[in-house]
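Engineer: So the chains spell out like this:
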Amino acid sequence: MATGGDVMTMLCDGVEYVIYGDDYDSINWFDKQPAITKAEFEAGFAKYDDWKAGQDSKVQADKAALLSKLGITAEEAVLLLS
Amino acid sequence: MPTPTDLVTDLPADFEVFGQAVDTSLADLKGGTTGQILSKNSNTNMDFIWVTNDVGDITAVNVTAPITGGGTSGDVTIGVSAASTAAAGVVQLSDSTSTTSSVLASTPTATKSAYDLANAAIPKSLVTTAGDIIYRNATVPARLGIGTAGQVLTVNTGATAPEWKTIAAGGKVLQVVNATYGTAAQSATSTFADTGLTVTITPTSATSKVLVQVQMSGCGKSGSAGAGLGLRLLRGATSIIVFEELAGYQAANDSDIGACGTTFLDAPATTSATTYKVQFNNYGNTSGNAKINRAGGGTTSTITVLEIGA
Chain A
0 MATGGDVMTM LCDGVEYVIY GDDYDSINWF DKQPAITKAE FEAGFAKYDD
50 WKAGQDSKVQ ADKAALLSKL GITAEEAVLL LS
Chain B
0 MPTPTDLVTD LPADFEVFGQ AVDTSLADLK GGTTGQILSK NSNTNMDFIW
50 VTNDVGDITA VNVTAPITGG GTSGDVTIGV SAASTAAAGV VQLSDSTSTT
100 SSVLASTPTA TKSAYDLANA AIPKSLVTTA GDIIYRNATV PARLGIGTAG
150 QVLTVNTGAT APEWKTIAAG GKVLQVVNAT YGTAAQSATS TFADTGLTVT
200 ITPTSATSKV LVQVQMSGCG KSGSAGAGLG LRLLRGATSI IVFEELAGYQ
250 AANDSDIGAC GTTFLDAPAT TSATTYKVQF NNYGNTSGNA KINRAGGGTT
300 STITVLEIGA
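These protein sequence lines are chains A and B, in that order. Residue 0 is where the first sequence starts when you use numbering that gives the first Met the number 0, and the numbers rise one by one after that. Residue 0 is where the second sequence starts when you use numbering that gives the first Met the number 0, and the numbers rise one by one after that.
Treat the hints as calculated values from the structure; they're not laboratory data. Do not take every clue at face value.
As the list claims (entries may be wrong) - Not everything, but these chain A residues come out facing chain B in the computed CB check (under 8 angstroms):
# : residue
1 : M7
2 : I18
3 : F29
4 : P33
Note that beta-carbon positions come from the ideal geometry of N, C-alpha and C, so glycine has one too.
All chains, full assembly: derive it from the sequences and hints.
Structural biologist: Shown next, in the form of structure tokens:
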């Protein structure tokens with residue numbers, strides 16, 4: 000289940016803020032214009048899971064492409080970084 | 000006057016003498032006026048005097064409260080009404096020392112009972128000053144004057160009486176205040192912001208130290224490797240220690256760090272209400288997020304402050 004922090008991560012990348020709990024009104028925008036509206040924030044809870052799945056897929060695809068480019072396996076990459 | 004043995008008597012003359020003697024003896028009966036009555040004039044025999052009969056019949060008996068009754072003829076009855084708090088009258092005596100009656104009068108017996116109780120009581124005059132307390136010395140009740148600020152009541156070295164004594168200085172925990180905060184929070188800025196974990200203590204002495212114990216639970220980060228959790232402790236608006244600067248830094252994606260904490264001995268040098276709070280930030284600013292009380296874990300952060308006597 001998405002949290003307020005998850006929704007902010009999804010919708011407010013690159014924005015300065017602090018959020019407490021799942022309450023839009025708790026968000027501290029540091030004297031700047033709110034980056035999203037309350038409606039956008041509340042709608043984000045339903046969209047988060049799909050967005051997260053897409054993010055995870057993209058990360059996996061990027062990793063696979065990089066391993067292929069390097070010509071090593073994932074285990075070899077772990078060994079390399081250890 | 001002739002005697003029984005006299006041979007020759009002069010009766011006329013003798014009778015005249017007798018008559019004069021009687022007249023002389025009864026002289027007081029003569030005289031007087033109409034309506035006068037004869038009254039004894041002295042204890043001497045035949046000493047009377049005529050006096051005016053001024054003792055007449057009672058014609059009326061008039062009464063005023065609390066006397067009741069009266070009249071102007073025949074048998075006259077009078078009485079006395081009962082006393083009350085509103086009127087004088089006859090009262091009933093009582094030995095009771097517990098009655099709440101407003102019409103009974105106290106007897107010396109009751110008065111003595113009350114006196115004996117009062118005489119055995121601790122006199123009010125024994126205490127003279129606000130804060131005085133009463134205790135019993137070896138024989139009688141005694142006064143113990145109020146101590147000075149901060150002193151405690153204890154028993155003297157002889158274990159014979161109470162006394163006020165100043166607490167031995169140093170090393171004593173004088174008070175403890177605790178607070179918790181369990182709402183998840185997430186920061187995407189390098190600017191420090193309140194975590195919500197805060198506590199206020201009012202030191203009893205300006206020389207006291209305040210030991211602050213903090214545990215931030217559910218710490219973590221998400222996003223890029225450049226993100227990291229920073230934590231600092233403030234007294235009022237003053238940062239007194241930064242106890243995390245970039246927790247989770249260089250860790251990719253979501254990372255659970257766990258609990259972060261500090262123990263800090265502060266010297267606020269005040270007896271005013273003093274607030275301690277924890278702030279957090281994200282070292283990487285908008286790169287990723289720093290998190291506390293991470294949602295889903297049900298974690299709660301705590302802050303405890305102890306005033307330590309100097």
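Engineer: Give a verdict on every hint.
Structural biologist: These are the hints, each one checked on the structure:
1. For A:M7, the shortest C-beta to C-beta distance to chain B is roughly 6 angstroms, which falls under 8 angstroms, so the interface hint holds.
2. At a threshold of 8 angstroms, the smallest CB-CB gap from A:I18 to chain B is about 5 angstroms, leaving the interface hint in force.
3. Because the closest C-beta pair between A:F29 and chain B is about 6 angstroms apart, less than 8 angstroms, the hint holds.
4. Interface restraint check for A:P33: the shortest CB-CB distance to chain B comes to about 13 angstroms, outside 8 angstroms, so the restraint is violated.
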